[in-house]
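Heads up: take any position in the sequence shown, counting from 1, add 439, and you land on the working numbering.
Bear in mind the hints are in silico, worked out from the structure with no lab data behind them.
Just so you know, even glycine gets a beta-carbon here, dropped at the ideal spot from N, CA and C.
Some hints here could point you the wrong way.
Derived DEER-like restraints, expressed as beta-carbon distance ranges [what the hints assert, rightly or not]:
#	residue 1	residue 2	range
1	GLU578	ALA669	25 to 31 angstroms
2	ASP632	THR441	29 to 35 angstroms
3	GLY524	LEU554	26 to 32 angstroms
4	ASP482	ASP647	36 to 42 angstroms
5	GLY570	ASP548	22 to 28 angstroms
6	ASP548	ASP591	53 to 59 angstroms
7	ARG493	ALA518	17 to 23 angstroms
8	GLU516	LEU609	45 to 51 angstroms
9	ALA599	ALA547	52 to 58 angstroms
10	GLU545	PRO484	32 to 38 angstroms
11	ARG672	ASP595	18 to 24 angstroms
12	ASP631	PRO461	23 to 29 angstroms
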Amino acid sequence: MTTARLPLFPLNAVLFPGLVLPLNVFEERYRAMMRELLAIDEDEPRRFVVVAIRDGRETAPTATGMPDTVSAAPPEERAPADGFGPDPIQTFHRVGCVADAATIRERADGSFEVLATGTTRVRLLSVDTSGPFLTAEVEELPEDPGAAEGEDEAADEAGALAEGVLRAFLSYQKRLAGASERSLTTGADLPDDPSVVSYLVAAAAVLDVPSKQRLLQAPDTATRLREELALLRKETAVIRHLPSLPAIDLTRAPTHPN
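Please put together the full structure from these sequences, using the hints given.
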């Protein structure tokens, strides 16, 4: 199994492979991380691991959107593990996602505007708190199509489930009136790959962090799709009986300030 040691970025959110993650970086420990990533040649991947926080909540200046300017207040000085308990790995979910920072832009005040994309799932093996920011040893988690006997059978099962999930999602989507910002569209925009479908629907559905985390760490694509199908049917039924649901607010996708 492939292992690596990478910077660790804990969030109150779940990142999925293929999905874009905008970040507003304020805290000095995360600024230090971004400065180190900027030192990597731009032709090389600037990778870090995004992991969802299991207990508690990371504290940082908060705001929605990705503004061009931020407060001139000095960054908060915090040790790498502050807020994450005596053994940080116990505070994080063990399965996260590697992010590749395509854009890291430093502002005049030293904060950063970052745009990253999820690439591969990883499992946390250990967390190191000795540096200016957290790092983790991680192992890559392969994405298997499913548990059916034989690769062809597993792929066929995942493909059939993906079609069902897309139909269920489109029905669910119609119930979320005005949910244009995080919508899947019909036609050529829909993906064909079952694993891509599973991650896209998991990211787009209005679910809490524990539910999204369960989908991220599903053992294979078919299992994730089956769980999504059940969740979508349940959520669609709930929305059907709650016509005043503020869908626009629920589906707004802010950046994650840190």
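Broken hints, by number: 2, 10
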